[in-house]
Structures are given as structure tokens and as C-alpha cells.
Amino acid sequence: METALTKVKSEEYGGELIQLVSFNLEKEEYGINVLMVREIIRMLNITRVPNTPHYVEGVINLRGKVIPIINLRKKFDLMDSDYDKRTRIMVMEVVGELMGFIVDEVSEVIRISEKEIQPPPPVVSSGIEQECMAGVINQAERLLVLLDLEKMFSADERRLFSNVA
Amino acid sequence: MAIDCEDQELLDGFLAETTELLEKLDDDLISLEKSPEDADLMNRIFRSIHTVKGASSFLGFDMLVKVTHKTEDVLNRLRKLELTLTPEIMDVILEAVDLVKTLVADIKGGDIIERDLEGTIGKLIPFLSENAVEATVLAPVFAPKEEKAAAPAETPAPAAEPEPTAAAQAAQPAPQEPKAEAKAEPAASQQVAPAPQPKPQPVKEPQKAPAKGGGDDLADNSTVRVDVKRLDDLMNQVGELVLERNRMIQLHSDYQTGLNPAEFGDDFGKLSKRLNFVTSELQMQVLKMRMLPVEKVFKKFPRIVRNLARDLGKEVDLVIYGEETELDRSVVDEIGDPLIHLIRNALDHGLETPEQRLAAGKERNGTVVLSAAHEGNQIVISIKDNGRGIDPDKIAKKALDKGLVTDEQVAAMGTREILDLIFLPGFSTKEQTTDLSGRGVGMDVVRTNIRKLNGIIEIKNEVGHGSEFILKLPLTLAIIQSLLVEVEKEVYSIPLASVIETMRVSKKEFHMIGGQEVLKLRDSVLPLLRLQQTFGCNEVYTDRDTCYVVIVGVAEKRIGLIVTRLLGQQEVAIKSLGKFLSNLPGIGGSTIMGDGRVALIVDPIGLVGGAA
Chain A
1 METALTKVKS
11 EEYGGELIQL
21 VSFNLEKEEY
31 GINVLMVREI
41 IRMLNITRVP
51 NTPHYVEGVI
61 NLRGKVIPII
71 NLRKKFDLMD
81 SDYDKRTRIM
91 VMEVVGELMG
101 FIVDEVSEVI
111 RISEKEIQPP
121 PPVVSSGIEQ
131 ECMAGVINQA
141 ERLLVLLDLE
151 KMFSADERRL
161 FSNVA
Chain B
1 MAIDCEDQEL
11 LDGFLAETTE
21 LLEKLDDDLI
31 SLEKSPEDAD
41 LMNRIFRSIH
51 TVKGASSFLG
61 FDMLVKVTHK
71 TEDVLNRLRK
81 LELTLTPEIM
91 DVILEAVDLV
101 KTLVADIKGG
111 DIIERDLEGT
121 IGKLIPFLSE
131 NAVEATVLAP
141 VFAPKEEKAA
151 APAETPAPAA
161 EPEPTAAAQA
171 AQPAPQEPKA
181 EAKAEPAASQ
191 QVAPAPQPKP
201 QPVKEPQKAP
211 AKGGGDDLAD
221 NSTVRVDVKR
231 LDDLMNQVGE
241 LVLERNRMIQ
251 LHSDYQTGLN
261 PAEFGDDFGK
271 LSKRLNFVTS
281 ELQMQVLKMR
291 MLPVEKVFKK
301 FPRIVRNLAR
311 DLGKEVDLVI
321 YGEETELDRS
331 VVDEIGDPLI
341 HLIRNALDHG
351 LETPEQRLAA
361 GKERNGTVVL
371 SAAHEGNQIV
381 ISIKDNGRGI
391 DPDKIAKKAL
401 DKGLVTDEQV
411 AAMGTREILD
421 LIFLPGFSTK
431 EQTTDLSGRG
441 VGMDVVRTNI
451 RKLNGIIEIK
461 NEVGHGSEFI
471 LKLPLTLAII
481 QSLLVEVEKE
491 VYSIPLASVI
501 ETMRVSKKEF
511 HMIGGQEVLK
521 LRDSVLPLLR
531 LQQTFGCNEV
541 YTDRDTCYVV
551 IVGVAEKRIG
561 LIVTRLLGQQ
571 EVAIKSLGKF
581 LSNLPGIGGS
591 TIMGDGRVAL
601 IVDPIGLVGG
611 AA
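So the protein sequences, as listed, match chains A and B. According to UniProt numbering, the stretch in the first sequence is residues 1 to 165, in order. According to UniProt numbering, the stretch in the second sequence is residues 1 to 612, in order.
Worth flagging that the hints you see were computed from the coordinates, not collected in a lab. Any given hint could be a false lead.
Said to hold, decoys possible - Here are a few chain B residues that face chain A, going by a calculated C-beta distance under 10 Å:
hint	residue
1	Arg290
2	Glu490
3	Thr534
4	Gly536
5	Lys575
6	Gly578
7	Phe580
8	Leu581
9	Leu584
10	Ile587
11	Ser590
12	Thr591
13	Ile592
14	Asp595
15	Val598
16	Ala599
Just so you know, even glycine gets a beta-carbon here, dropped at the ideal spot from N, CA and C.
Input sequences plus hints: build the corresponding full structure.
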């Protein structure tokens, strides 16, 4: 995944296909490199963890491993909504740690050519922090925001994570 | 300088064996001082040091050979009764053993550092000087063996380990190989002995050995030696487990095909009982493999006590009980330092000098009793001395002088609280800082380490008759007994090791003192902490007027946690929360409940620290 993202940055390096998992949040479509995703599971019982940032929903038991769960809606300051039967937890490996992300719906795995990835527009209307956008994919009918979760958990963020209390 | 040893396996074997021998050696030497006539003991010591020498010369560790060789010579004279063992000789021998340890540690670390050997060797030499001829009579007996061992290493030596040889050649006008000297020495140790002297060795922290000696022995924790029998037992248990699994699969398929639906419940009940039995057995076995006898820590204390007693001019008998008590490796690693501090305190502050003791009508020798025992799911380690005890008034006065507490605070304290003052960082009763004590660090270390282990410290004190420090530690850190509590519909688990008692209290009994909710409990005042507030849980039950208080103790502190209700006791396996959530105050980890949900484990240390 590291390689895929670096390639994204060097534009002239086109032609290679990468696979993305696309998912929805508040009717917008996002994509994430398939190599980062470990598994996609349905909602489970989440145990709240006190004194954490608001977007940390809690922890779950993933077959004997306890992993933190992040609500991407809350993280991106989108409107909170109830979980339904389409709600999924995407378990990903971010900076060496497993983490779950709650999304509205996971739709499909798409293949795109790296050439199709455009740099993110300078201003984004939704609350997504600019830095965790790796790019935008503009296909005929759809617009996909490519996320870089490693950036989302920059050093700063991680410190905040543990000292927020 | 890295060690260029071709046969890594050989080197590993050497290190393992040498470390073991050296550990034993310390012990034996102290015993020898007590009973110098014990020939068996003497021979054992001699053999140990000889083995170390032989092995190191085979592998070409010249510095080791030199030190062990001289030590061996002195021991040999002792063995042949040409010398009588005095504390001074023992001091030097122990110093030499320390030096050997340092050298071995260097080799283990992968770097051979040039160390000052001459200081120690120089101290050994005087004991060889009288009747040197007689001393060498026995030498040929072991010399040939020595030569044989050294021979294979001889030829490749210059290529294999260039650093000591090169250093020697550069420094010495006569390019004589250290190894050659080592061999020549048994024949005429006295004459050759001065030869290494001109070698200008860079003096790098020559006195490092004693300081390091303490914690080093346990550092080697990457491999475990397990009794074959235990391994067999384990295999047996796993076999049982596989059997039970097969039964379970069978049961399930029977159920699905509709055979005997009536008996399913019954069979399933039996199966889960057996499964429960097998897994708990298995758990015990695995835990046992992680266990080490506390002897691992205790065995260095005779040595420490001896040295300290000599330095302090006190006469001390150290009595050790229960060194076979086993506890988890992780715990063993952590208790070494606190125990050293406590023992040091007992000797330095607790015990009086022989004159003072006689004047007080006690026997001349002070006694320190170090004991370990299992007590339920805890291990209890106690350090007890029959010295002068701790004088609370003196403690209070000192703490006031140092500005650690205020007059009002002292006035409000009971004896217990005053004694607890000794754990404050910066507290010391010593007027002058010595190299032994007086910086006010020791007890703080004790407290920090014991807290880390979720342990409890108790002090029993009788002015004039001595004091006793009792450490209560959990047996293991991986699986703990815990008390499950409910806080406004959320389940939390509190390590049972820190729970002292639980009680049901009416909310009317809470009082406020200076913004802090407290509970009067018998003769003490207990600060309270509402877990609901600390953990920011939504309040669900507003109409209740009673609740439960779980009194937890961390090191010497006590605090009451207010919870909604108690759910029961359970053995839980601790799971880490991962690095993102590792520093949460008051949360020590998590565990998975029977229903697959995650319950958080309360960290009493964090809570007590936050409330105090």
C-alpha cells in the first residue's frame, strides 16, 4: 500500500492498476487501498472506553484481539446517524496496529488505473481534513475520494489520542 | 569491538554455563565464609572457577582467563590451607568474581571492552606471594588439561580475535601473547605475574562491576528452561483438549442430524464441565512454565548483606525462608530492586551497631529475615529486622523539616499515615547523603515498582523491636483474578489483588471534606472516587440511595471506588488495548468476557494517583 500511494504522488508513473475498496459515508463515496483492509465485519457490541476523543467509539473483541473502533462520521464531523443493517466495520492496519472504522456501507472493490487519480482539490466542502485525502478519482458517473489513513493518524493525532483526558 | 566467534552455538553454550556457574559461585563463597572448613564447598568453588577459566581459554577470552587464573591460584592456596580465609581475602575474591561477571556481560553484549584488570589482579597477587613455591606444586595437576584446552584455539587466535592480541602487541614491547603468559604462569606465577602490568589498559569504569552486579543476572530472559516432565504434562493436557474438541464436533453433528435431542442438553453440560476442567489444568501448566523460584532474586542477597554489614560495621545474620516459592518471571524481574532497597534500609536504618544493641539488651548480631510464601493468589514477601524500628515522631519531624508536609497535615495523620511518609520522594532521615543512603530515592523506587506490579505494601512496626515490610504481589500478570463491577450499566473489572474489601453503603454515609468525598471507615477516613464520574458514564440509576464501595489499595494507599453493583469474581486474561489507547488514565487494559464482549480493566494505580 505504501508503494501504491507513493506512486500516486508521482503523476507520470501512470498505467498501473490499483484496487480500491469503496464505501459510503453520508452519501459520499470514498475509496481506500484494498491492501490496507484486513476484513470487513458487521456491527458488534462495542465497549465504550472512557476519556477518549469523541470519534473513538470504543473497543471490540475481534477473535480474541481487542481493537479500537473509530467512527468515521464523527471523525469527519459529519452528522451522526444510527447504525443499520448496512453499517460495517472495516478493519484495517494503520501504522502497524489493527483498527476498525465504522462506515455507512461498503459497496465494492474497484480497479482503477493510477492515471485516474487526481490531486485533491484545494478546498473540500465536507469536514474531511485535507491531509488525509490522497486524491480524487473522477469516473464517468462517480466521484471517489481516496483516503490515506496513515496520514490521519499523524504523530500529533496519536499523542492526542492518548493524552486527551 | 565485536566478537568474532565462529561457532555461535559454542559461545552461547559458554555464556549460559558460565552465567550459571557464576551465580552459584557467589552463593557458595558467602557460605564458605561462614564455614571455611567445608572441603566439599571449597572444592566446588574451585571447580567452578576452573571450569570458567578452561572454557574461556578455549574460546580465547584472554581477559577472562587472566582474572580467573589468578583467582584460582588464590583459591588453590586456600584449599591447601596455606592461607586462612579472612574477610579481606573474601573481599578480593568477590571483587574478582564481580570482574569476571562484568567481562562475561561484555561478551554477552557482543562487545569486548578493554577493562582495567590490573587493579583487581594486583589485589590478588599479595595472597600468592608467601610460599609461592608451595603454591605451584599443585599447578601441574591441572595445567596439562589447561594446555590441551587452549591448544586448538592457539593457532587461529591471531586471526580470530584480533582485538585483544593486537592491543597487547601494540602496547607491549615484547610481543608476547597473553595466552602464552597464561600458560606459563602456573609454573611460576609469581615471576610472570608482573609481566602483564606494563600493558597500558584504558581504564574504563573499573568499579562498574559491583554496581551492575545486582540486576544483571536476570537480564537473560529470552529463553526458558522447562522441566521435561512439565512439557510432557502439557502435551497430555493438549491431547485431552483435542479429545474434548472432537467430542464437541461429534455432539454438534449428532444434534444436527436429530439424534437424541433429549440428551443433548445433558451431554453438553457434561462436555462443558470437562472442557472447563481441561482448560484450567492447561492454564495452570502454562502458568507454571512461566514460574521461577524466587530464589533467583534471593540468592544475591547474602552477598549484598555481607558487604553492607561490613561497610556499616554491623553484625548481621540474614535468614531466608521460602526461596523455593515460585512466581511469574515478569514479577521476579521487577521485585529485585525494591527488595535491595528494603534490605539496605533494614541494615542501614533498622539495625543498630553491635554496641548499641548490647546496650539495649539485645544480642550482638542483628537479624534480617527475608521470607516468601504463597497466600491464596498472592505471593507475600516480607523483610523483617529486629532493629530499632521506625519512630513515627522522628518521621513526622523530618517530613516537616523537609517541607514535604505541613503541620496541619501531620496533625491529622494517624500512625499509619505517618509511616507512609517514608515513601515520599525526597524523604530521608539521614542528615548527610552517603553513598549508601540519604537521597530519599530508595523507598520511592520501592513504591513505584510495587505499584507497577499491582502490589500492596504493609508496614508493621514496633519501636525498639524492629520493623517489617510486607509486600503482597500478584502471582502473575497475564491472567488475574478480578472483581467484576457494574458502573451505570457498564461492566468494569478490578484486579482482585488490589481489592481490600467491598461494602454496601448508604449514600447518606458519605461526607465531604475539602471538596473530596470521603467515607468514615472504622478508625480511618477513606477518600472516595465515583467511577461514574471518572469514566464519564451516563447516569442511569438516579433513584438509588445505596451503592457499593470497593476499597482498593495500591502500595501503601487506600481509596474507595463507588460502583453501582458488584457482579462477581472472575479469572480474566489481560489483553492490551493497543498502542493508541495505551495511556488512558485509570484503564489498565481489557479483557474478554464469557459472552465475547470486551470489559475494561480498571487500573487502580492510575486512579489512586489521580485522586491523591
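Tested hints:
1. Arg290: violated, 19 Å
2. Glu490: Result: holds, 7 Å to nearest chain A Cβ.
3. Thr534: holds, 7 Å
4. Gly536: holds, 5 Å
5. Lys575: holds, 4 Å
6. Gly578: holds, 5 Å
7. Phe580: Hint on phenylalanine 580 (chain B): holds, closest Cβ of chain A at ~5 Å, below 10 Å.
8. Leu581: OK, holds: leucine 581 (chain B) within 10 Å of chain A, min 5 Å.
9. Leu584: holds, 6 Å
10. Ile587: holds, 7 Å
11. Ser590: With a minimum Cβ separation of about 5 Å from chain A (threshold 10 Å), the hint on serine 590 (chain B) holds.
12. Thr591: holds, 8 Å
13. Ile592: OK, holds: isoleucine 592 (chain B) within 10 Å of chain A, min 5 Å.
14. Asp595: With a minimum Cβ separation of about 8 Å from chain A (threshold 10 Å), the hint on aspartate 595 (chain B) holds.
15. Val598: holds, 4 Å
16. Ala599: Hint holds; alanine 599 (chain B) Cβ to chain A Cβ min 7 Å, cut 10 Å.
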